[in-house]
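K.L.:
Take a look at the letters that make up each chain.
Number of protein chains: 4
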Amino acid sequence: MTHIPQSEQSMRSEQSMHGMHHSMQSCIQACMECHQVCLQTVMNLCLEMGGKHVEPEHLRLMMNCAEICQTSANFMLSSSTFHNRLCGVCAEVCDACGQDCKSIGDMDECVEACMNCAESCRQMAGSSMQH
Amino acid sequence: MTHIPQSEQSMRSEQSMHGMHHSMQSCIQACMECHQVCLQTVMNLCLEMGGKHVEPEHLRLMMNCAEICQTSANFMLSSSTFHNRLCGVCAEVCDACGQDCKSIGDMDECVEACMNCAESCRQMAGSSMQH
Amino acid sequence: MTHIPQSEQSMRSEQSMHGMHHSMQSCIQACMECHQVCLQTVMNLCLEMGGKHVEPEHLRLMMNCAEICQTSANFMLSSSTFHNRLCGVCAEVCDACGQDCKSIGDMDECVEACMNCAESCRQMAGSSMQH
Amino acid sequence: MTHIPQSEQSMRSEQSMHGMHHSMQSCIQACMECHQVCLQTVMNLCLEMGGKHVEPEHLRLMMNCAEICQTSANFMLSSSTFHNRLCGVCAEVCDACGQDCKSIGDMDECVEACMNCAESCRQMAGSSMQH
Numbered sequence: 001m002t003h004i005p006q007s008e009q010s011m012r013s014e015q016s017m018h019g020m021h022h023s024m025q026s027c028i029q030a031c032m033e034c035h036q037v038c039l040q041t042v043m044n045l046c047l048e049m050g051g052k053h054v055e056p057e058h059l060r061l062m063m064n065c066a067e068i069c070q071t072s073a074n075f076m077l078s079s080s081t082f083h084n085r086l087c088g089v090c091a092e093v094c095d096a097c098g099q100d101c102k103s104i105g106d107m108d109e110c111v112e113a114c115m116n117c118a119e120s121c122r123q124m125a126g127s128s129m130q131h
Numbered sequence: 001m002t003h004i005p006q007s008e009q010s011m012r013s014e015q016s017m018h019g020m021h022h023s024m025q026s027c028i029q030a031c032m033e034c035h036q037v038c039l040q041t042v043m044n045l046c047l048e049m050g051g052k053h054v055e056p057e058h059l060r061l062m063m064n065c066a067e068i069c070q071t072s073a074n075f076m077l078s079s080s081t082f083h084n085r086l087c088g089v090c091a092e093v094c095d096a097c098g099q100d101c102k103s104i105g106d107m108d109e110c111v112e113a114c115m116n117c118a119e120s121c122r123q124m125a126g127s128s129m130q131h
Numbered sequence: 001m002t003h004i005p006q007s008e009q010s011m012r013s014e015q016s017m018h019g020m021h022h023s024m025q026s027c028i029q030a031c032m033e034c035h036q037v038c039l040q041t042v043m044n045l046c047l048e049m050g051g052k053h054v055e056p057e058h059l060r061l062m063m064n065c066a067e068i069c070q071t072s073a074n075f076m077l078s079s080s081t082f083h084n085r086l087c088g089v090c091a092e093v094c095d096a097c098g099q100d101c102k103s104i105g106d107m108d109e110c111v112e113a114c115m116n117c118a119e120s121c122r123q124m125a126g127s128s129m130q131h
Numbered sequence: 001m002t003h004i005p006q007s008e009q010s011m012r013s014e015q016s017m018h019g020m021h022h023s024m025q026s027c028i029q030a031c032m033e034c035h036q037v038c039l040q041t042v043m044n045l046c047l048e049m050g051g052k053h054v055e056p057e058h059l060r061l062m063m064n065c066a067e068i069c070q071t072s073a074n075f076m077l078s079s080s081t082f083h084n085r086l087c088g089v090c091a092e093v094c095d096a097c098g099q100d101c102k103s104i105g106d107m108d109e110c111v112e113a114c115m116n117c118a119e120s121c122r123q124m125a126g127s128s129m130q131h
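Chains as they are written, first to last, in my numbering: chain A, 1 to 131; chain B, 1 to 131; chain C, 1 to 131; chain D, 1 to 131.
Please note that a few of the clues may not be correct.
[What the hints assert, rightly or not] Incomplete in silico selection of chain C near chain A, CB under 8 Å: (1) M32; (2) Q36; (3) Q40; (4) N44; (5) N74; (6) L77; (7) S78; (8) S79; (9) V111; (10) M115.
Just so you know, the hints here were simulated from the structure itself, not pulled from any lab data. Virtual Cβ for every residue (Gly too), placed ideally from N, Cα, C.
Input sequences plus hints: build the corresponding full structure.
P.N.:
Printed below as a string of structure tokens:
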């Protein structure tokens, strides 16, 4: 077995399909998961439960969060040079949505998906800004 | 002034930007108008009024109608060979949404946009099927 | 351990989050996977390779396929009564895209994602039509 | 005829459907116009012409510009509190796309739509930040 230099190993483990970094693949998955959970929850659980679950600000945040996660994932999938800028805004929306879901209660799955996506997008926004 | 043969005049009046037929440009506009009116109405008027305006089936129809109008417009804008198939489904969703808005009341703008888009998409679906 | 009747076991295994059937969850995943693979491939591999990979009809099919998969997933996630109609069109687009990718070559991942999504959408369209 | 105070006249002329300010309605129209022009141009003119029109960076910019304009319009239509943040990013993408189209040439319609949208989004981003 041939020796592989540390730097090359590191590069290999950091890249995947189409030469995309693992950190970006991971952020794409976090965005797609958050899009799916928010859309499915707002259009089923929230609409069926009513009350504070259909208050204008909450329903808007859920819809907006689902949409910006979808667009952020699409920007990363298409290798847009602006993906970090969009991820920065996505992190803010996910933070706000996650906190709103937490204060309403009974929305643990949404809270987790939003917080996970916010953290991943914040890293993507920050790391890209240093380039 | 030079004489322009009837056939050439007809061709000119039937085509516009990028050689696109007027009937398609008109359907794109109807879809974009219906998307805009449905999304703006559901996320403002419906959410603020509450009651039957936020009943699950109504809110879903409004959101689904806005999205399929957007996608149908995008298929026509990109000259997809499947635009007629999508317009056929779009016409059904717009019909259902327009009728739902009519039965709820106080949604005249939505009713008109949905009915106009349904008619335009039905023509687009039918004319393309004959090709 | 308590005995669970066959019918109840069956119901449990057929349903998941928010009471959604496994067949629909599976179709949502197939659509999201196909959207992701098509968009990532067309915006990276196809654009970088050029030649027949950027021929108008191929590039349009890839973009259209990515978009209708996204919209079909969103219709299922939001429990739209029209999801089966949209899945029927999605199956056609995925079939066409998969066959186009196969004839161009070097696009095995796309071929597999398209064929898998086409099959899943066809079942969704058919099963819903019988209701 | 009753006298209408200056301030009330001003307020009326600044607001339209659903109490939305004219500046936002105008920005929504600029975004929808830019989305339409970019998508139609890239999927028809650029793909048919080939050469520098299908170079990866140009095609990506055109697709990304179309998508972020669509999402920005949707955020404004749904009265999202984050519309100004998204408009800020949209202005950057439109600027880059307009400049790229200008340097490539033969894309006057795109250049105008991008520059108009960039200016409108920049105002929307700035005015909202002062609130």
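K.L.:
Does C:S79 pass the interface check with chain A, least Cβ-Cβ distance below 8 Å?
P.N.:
Cβ of C:S79 sits 6 Å from chain A, so the hint holds.
K.L.:
Using Cβ atoms only, decide whether C:Q40 comes closer than 8 Å to chain A, and label the hint accordingly.
P.N.:
holds, 5 Å
K.L.:
With a cut-off of 8 Å on the beta carbons, see whether C:M115 makes it to chain A.
P.N.:
violated, 19 Å
K.L.:
Using 8 Å as the Cβ threshold, decide whether C:M32 counts as touching chain A.
P.N.:
holds, 6 Å
K.L.:
Identify whether the interface hint at C:N74 stands, where standing means a beta carbon of chain A within less than 8 Å of its own.
P.N.:
holds, 6 Å
K.L.:
Minimum Cβ distance from C:L77 to chain A below 8 Å?
P.N.:
holds, 5 Å
K.L.:
Is the interface hint satisfied for C:Q36? The criterion is a beta-carbon contact with chain A at less than 8 Å.
P.N.:
holds, 6 Å
K.L.:
For the restraint on C:N44, tell me whether the closest CB of chain A is nearer than 8 Å.
P.N.:
Where the cut-off is 8 Å and the nearest Cβ of chain A is about 5 Å from C:N44, the hint holds.
K.L.:
With a cut-off of 8 Å on the beta carbons, see whether C:V111 makes it to chain A.
P.N.:
This hint is violated: C:V111 lies away from chain A, its Cβ roughly 15 Å from the closest one there, beyond 8 Å.
K.L.:
Quick one, is the C:S78 hint okay against chain A at 8 Å, beta carbons?
P.N.:
holds, 4 Å
Checked against the numbered hints above, the structure violates hints 9 and 10; every other hint is satisfied.
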